[in-house]
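Given only the sequences and the hints, what does the whole structure look like? Please build it.
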Amino acid sequence: MPTSELAQIEMLAAVDNLIHQLKDWSEQQTHWKTAQQCQAVIQQLLPRLDMLRVRLESPLVIATFGGTGTGKSSLVNALIGSYCTTSGRQRPTTTKPVLIAHPETDLDRLGLDLSQFHVEQKKLDQLQNIILIDCPDPDTSESQFEENNLTRLQHIIPLCDILLYTSTQQKYRSARVSQELIEAAVGRRLIFVQTHAGLDEDIREDWKQQLSQQFEVPEIYFVDSVKALEDQLADRSPDPEFAALQNILSSQLGKSERLQVRRANLLELMQNAIDHCTGKIENALPAVHELESFLKQQQAVLTEQMSQELKSELLVSRNLWERRLLSCVSDSWGSSPFSMILRLYNGLGNLIASASLFRARNSAQVALIGALQGARWLGNRQQEQAADDRMKRIGAFGLDDNKLRESQLMIDGYAQAAGLTPSPGHQLGSLEYLQTEAAHVEEQFLNDAGTKIDGIITRLAHKNSGWFTRFMYETLFLALVVYALVRIGKNFFYDSFLDESNILAIDFYVTAGVIFLIWTGFLVMMFTRKLKRGLEQEINQLANHLAKTKLSHGLFPHLERECRQIYAQQHSLERMRGEVHQLRSEIAASRILGSWKVNEPTQQAGSQHVP
Amino acid sequence: MSTTLSKFSHTIHQLRSHLLALEAQSCQLDLPRLSGREWFDILERKLIPQLTNEMYLVVAVVGGTNIGKSVIFNHLVDQQTSAISPLASQTRHPVCLVPQHFEQQHDLREVFQGFELVPWSAAEDPLKQDERHLLFWKNCDTLASNLLVLDTPDIDSDAEVNWERAERIRQCADVLVTVLTQQKYNDAAVKKFFREAAREDKVIITVFNQCQLPDDEEYWPLWLNTFCQETGAHPELVFIAPNDRGAANSLELPFYPRTFEPASADAPAEINAGVPQTDTAVNLMQVLSQMQFGEIKVQTLRGALKYLIQQDSGVPSYLREIKSRSQEFRSAAELLSEHELAEIENWPLVPNPVIVSAVRKWWQEQREGWSAHVHGFYNSLGKGVLWPVRYLHSLTAEEKRPPMEVYREQEWSVVLQTVEGIYDRLTLVSELGNALLTSRLKTLLSGTSREALLKTLHAEHAQFNFTAQFEELVDREMTSFKSESPQYYSLIKQIDRAAAVGRPVLSVGLFFVGFGAVGDVGTQIVTDTMIQSVVNVAGDVAGGTAATTVGETAVSRSASSGMGYLEAKIRRFHAVFAQKRTEWLAHAIRTHLLKTLPEELKSAVALPESENYHAVQQTVNELEQQLNQLQITL
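So the sequence lines, in the order shown, correspond to chains P and S.
Heads up, the first sequence is in the working numbering, so the first residue is 1 and it goes up one at a time.
Heads up, the second sequence is in the working numbering, so the first residue is 1 and it goes up one at a time.
It should be emphasised that the hints constitute simulated quantities derived from the structure, not laboratory data.
Take the hints with a grain of salt, since some may be wrong.
Only pairs whose alpha carbons sit at most 25 Å apart, straight line, appear in this in silico DSS-like list of lysine-lysine [to be verified]:
id, chain 1, residue 1, chain 2, residue 2
1, S, K442, P, K296
2, S, K361, S, K580
3, S, K128, P, K208
4, S, K361, P, K403
5, S, K191, S, K306
6, S, K455, P, K296
7, S, K442, P, K33
Computed from a predicted structure; not experimentally measured.
Spelled out as structure tokens, the structure:
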């Protein structure tokens, strides 16, 4: 296969792929009003693109376009070299458009409603590649609503591939025609012709300058149609300028050019629609940004509030800290005399505290009991009084109904302003929904806090119970035990046996027991105090850290999702926009055909926001 | 004649001042401004300056772009005053030739309102690119006195500012030299321009330019006839000029007079057009100078006056516009006031113990002399003895917040619910499609304004000293009660039992605006005579003994039975306090949430009844009468 053909196929595939992407984009589910509107635009466009693709190979449809009296019909007559469509001096001359085609051209394939036209079939060589339509003017009609020349014209334009834009010295700056041309030019190639060469002066320079603001203008032809037709009828060769124009239409728009034109038209249509949509979305995005930043702000406030609350509660719950620290140390120490004592104390403490502990309504305490125990605790409790209790805890956590209601109120406003319609699944207004959401958020927060607290406890325990400390406490503890044992042993084995002094009375054991209790109590107390060293600082750090960590979602997860989706949609549209512009620039600018000028997408558009 | 003119002039000046006052008053209706409306511009630019005794005629050459307006103007004044160019829309500013000494007798700025006047220096002046509306003027001694001749920019090019300048000239002109060509006579923009001119009764002189003579001799009547039918214009004189660029550039273009009478409606094919017997070119200036100045002036002034009072396009249309817009506002207001803005089912109540202690406190302050001292002694003794008990109690019980703080929180919750309800309702209303409300509500409903509202409400609410407010209320109620009813003592005696008294269930309705009927239940309190929010407190009683109305009658009726008496009194405290609080809420919602909306709606609704509106209407009627009289006398 020749490379040029391969390139053609590649191009076609790229265009098809783009259309496919566009189709997918327009079918995505969204609750954002602007996106819905844009999707509607794209869905309107898609059938037209399909039509163009079907017609890719059929002859080009060329229509005249220009103000009344600029000689559209005369030009058509001159181009085919015979009187075919009425040209005249009474205005407007043409009301029903005239369609001129070769008899062998299959008109049905074009998708034209032929009853709209006066159809002329001429067996002419120059009509083999093209179909000519002589259109009514756009500038004598004043109303948009009734059937008139303008509305007739607006029906024909979408079916054309090339517009033959005629104007004169009098008309080339006429506002009305220029406006209509801007509307009509999108998705079409243009050929510019100044007519009435026999009467008027050459104003092509000024005209080109004016046109260049909005169109690519390769060349403007300056012709005298009346003379050209007379010349042809009298078998004279027409003047070179006219001959050039005729040549383009009859021979240069052959098969290869045809594809080129149609593809350029197709891309232009897509580009126009996408540009329109991106513009629309860009206009609507600030409101979404506002919503998003408010959501973020709410989330920050929420975490801040929860971590402050957690901090103050943690600082108060001294007993729990001690017990956790002790059990951690005794676990790591394994079985040694002092650790057994620690365990004993801890166990006793737990026993006493357990009753009050399980009544803990306090979130921080739950976190403090530890992830594992806490989970068990939660699991047990949830069945009994889950919802009720959780609400209470949330209330204690600063997330009371009033607060929830306030953020609900404000969020509603932002969501409405952004044009987000509430999805049916999430009844925005319901407080219960928000309460459940709040409970989730809090649970997640506490889980996170629980793990962190475990970390703190292990760290504190390890830091403050090194081998030296352990050795010291074990020694101090054992010193008393050894001393007592030595006393008892000495008394039993030596004194009572050799010295015959009395065996130690029960009083001694009672005293020893009391001293033992006091001593061990003192040691345990000292030890726990040591363990707690740096605790306050750790808690502060923890609170600060938690305040900074991002929750995976805030109170309004579906709105957050919605925002993310909006950005994703916007980005995919931007990407398609870039692609379509790329493809369009790959199609080399035509030497002979003019077109609508497109503004290249600006770089900063859409890129300032990364989801 | 001069008295008639001055009479008209007086009425017109009056009308103008009334109109300006009305416009200033109706700014919130979002109507298009007066200037820019054709009839008002005519009033400003033609009637005000030209209703004087010193008559002059304004002749302007007008038409589409690049059809030779400047060429014809130069021929008219027989000098190259306005530069000509083969390119389109080059004449950007009007040029005026002024007779000798005219500017000393008239203020040219008055004559050409809306233009900056610049003395002419070169033919290229009008080609200047300038955003200002300039008008170049030049003395001309060959000009008949009282004749001003102008060249104007085009009316159809892509430079829309040119249209505006041409329109301004058209508004003050008397005679329009209408330049037409076969390409332009049927253009939408051209037809639109001359349709207005015809409605204002301008004298139209048509010059059909660039004719292919002799071929076009048989076509121009057809073209001109189409033009006349489409625009309603009726040319006084018709000239045709050949397509001859050489002659045009050297001021030698011939203008051939033609007779023309457009086809009537009954016989559309019959166009009376003809060539005079001796077909010689004429001097346009001579033709102009021979015209009947007086008659033309009267015709165009009358045309302008008629246009001004025309039902479909003049002042009456403006008045109708105001009325219908005001009607829209009324329906918007009705939409809002149709239902309750919010209904609060269960307004929070101050706990009964608070009432009891407030009444006790009041009673304490009422006691005088020895009795007060004794009671004070026992009270402090009691407090001292009970202190340890209380302290212990406070230790065991969980920390208890002051009841008024609890109340504050409850009330805030209700406030939030109310605000939520109102927002929901406003959202609903804004979706009903009343464009006026939708645009206004959109800003009220946005997130930022909600945030601001909650902030202000919260601040206001947190600042209230509920205890003081409640004590003040108790003081007022009890004092008036004491002076009216000797039985007040029995209330004090029983007050300890008040805690057991059932509390009423109060529901509150908030209404918007005083249009149409407001809800029908219970007491209505209009918080302010000017504002239009209405609070409605309906007290429903849980115990079921007393009626919904809480007042003296209920108190005295059940006074015989001790408990009923106490109950009624306690209920009154609740209701009056709730009333006070809801008044605050209604007021806060009105000022912070609805902001200026109620006033805007109200003043917009009242506009057609306003003095200015009537004054304008009256002046228009007067003008109509004067015009009718004029027609009779003529």
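Do the hints match the structure? See the list:
no.: 1; hint: S:K442 x P:K296; result: 23 Å, holds
no.: 2; hint: S:K361 x S:K580; result: 21 Å, holds
no.: 3; hint: S:K128 x P:K208; result: 21 Å, holds
no.: 4; hint: S:K361 x P:K403; result: 35 Å, violated
no.: 5; hint: S:K191 x S:K306; result: 21 Å, holds
no.: 6; hint: S:K455 x P:K296; result: 19 Å, holds
no.: 7; hint: S:K442 x P:K33; result: 15 Å, holds
The structure shown violates just one earlier hint, number 4.
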